[in-house]
Amino acid sequence: MNTPTPHIGAKAGEIAPVVLMPGDPLRAKWIAENYLENPVCYTEVRGMLGFTGTYKGKPVSVQGSGMGCPSMGIYSHELYAFYGVETIIRVGSAGALQDFLDIGDLVIAQGACTDSHFPEQFGLPGTFAPIGDFELMRRGADAASKKGLRYVVGNVLSSDCFYVDDPENLPKWRNMGVLAVEMECAALYANAARLGKKALGILTISDCPFKGTATTAEQRQNGMKDMIETALELV
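The sequence shown runs 1 to 235 under our numbering.
Just to be clear, a hint being listed does not mean it is correct.
Claimed, not checked - Derived lysine-lysine pairs resembling DSSO-like cross-links, with alpha carbons at most 30 angstroms apart:
#  : residue 1 : residue 2
1  : K29       : K58
2  : K198      : K58
3  : K197      : K146
4  : K172      : K147
5  : K147      : K29
6  : K58       : K147
7  : K58       : K11
8  : K58       : K172
9  : K146      : K56
10 : K29       : K172
11 : K172      : K146
As the list claims (entries may be wrong) - Label-pair ranges, simulated between beta-carbon atoms:
#  : residue 1 : residue 2 : range
12 : G84       : P167      : 41 to 49 angstroms
13 : Y163      : G123      : 25 to 33 angstroms
14 : N2        : N175      : 46 to 54 angstroms
15 : G123      : T3        : 24 to 32 angstroms
16 : F210      : D115      : 41 to 49 angstroms
17 : Q121      : E233      : 14 to 22 angstroms
None of these hints come from the bench; they were simulated from the model. The beta carbon of each residue, even a glycine, is placed where N, CA and C say it ideally should be.
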């Protein structure tokens, strides 16, 4: 496929080998404006903003992914397959499933369980286990430790549903030791595996449904800064 692609309006060479991907395109804009030097917007297609700049002298891009496995699947595939991107680091929010997690904690997604049918496209004769890149994971944990941040490494749930009708859904995942629920990591990890690329999800706990707590605006901003600065150490 030639560039620009159907969903990303960049030309070849306008996107860096390493991309940070928040779900929210406006958060992509915020990251670019607050952390990157000389950021340039390379796409506005469908309002899914993308920017390229430098961080400590290294080229880096930041691109919105939208919500859910289908949207992440589209954007990560085009970045990997058509723009030469080697590494995608998802930076987003998640809901805690375990009581030892609190608002603002970081979760480094070692693996991504899912209720999505996204992996079925690969026609595998069994169940695929989407996992993050170990080297990125190790470096991410080291960076969080050096910053003195509270973080946990382990499984997350990438769910297709934000509003779940079955009240026993999340408790079942909680009983299996899954740390938190989000919506995109499984598709990102599956695409990275299929295309021979690297991926990792670094997530901020924004709410704790079993405790009935959620972030304030100030907590959300501070928590996102810790996550973004940790992710940028991997560039």
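These are the hints, each one checked on the structure:
At roughly 18 angstroms between alpha-carbon atoms, K29 and K58 fall within 30 angstroms of each other, so this suggested pair holds. For the proposed pair K198 and K58, the alpha carbon gap of about 18 angstroms is at most 30 angstroms, so the pair holds. Distance check on the hinted pair: K197 and K146 sit about 27 angstroms apart at the alpha-carbon level, within 30 angstroms; holds. Distance restraint check for K172 and K147: the Cα-Cα separation of roughly 33 angstroms exceeds the 30 angstroms cut-off, and the hinted pair is therefore not satisfied.
Restraint check for K147 and K29: satisfied, since their Cα atoms lie roughly 24 angstroms apart, inside the 30 angstroms limit. Taking the CA atoms of K58 and K147, the gap is near 21 angstroms; set against the 30 angstroms cutoff, the hint holds. Taken as a hint, the K58 and K11 pair is honoured in the structure, with Cα atoms around 20 angstroms apart against an allowance of 30 angstroms. For the proposed pair K58 and K172, the alpha carbon gap of about 43 angstroms is over 30 angstroms, so the pair is violated.
Between K146 and K56, the direct Cα distance comes to roughly 18 angstroms. Compliance with the 30 angstroms bound is thereby established for this hinted pair. A hinted pair counts as satisfied when its Cα atoms are at most 30 angstroms apart, and K29 with K172 does not qualify at roughly 36 angstroms. Restraint check for K172 and K146: the C-alpha separation of about 34 angstroms exceeds 30 angstroms, so the hint is violated. Roughly 45 angstroms separates the CB atoms of G84 and P167, a value that falls within the hinted 41 to 49 angstroms.
Restraint check, Y163 to G123: a C-beta distance of roughly 31 angstroms satisfies the suggested window 25 to 33 angstroms. In this structure, N2 and N175 meet the distance hint of 46 to 54 angstroms, their C-beta atoms being roughly 48 angstroms apart. For G123 and T3, the hinted distance range of 24 to 32 angstroms is satisfied, since their beta carbons lie about 28 angstroms from each other. A C-beta distance of roughly 19 angstroms is found between F210 and D115, which places it outside the suggested range of 41 to 49 angstroms.
A hinted range of 14 to 22 angstroms is violated for the C-beta pair Q121 and E233, which are about 33 angstroms apart.
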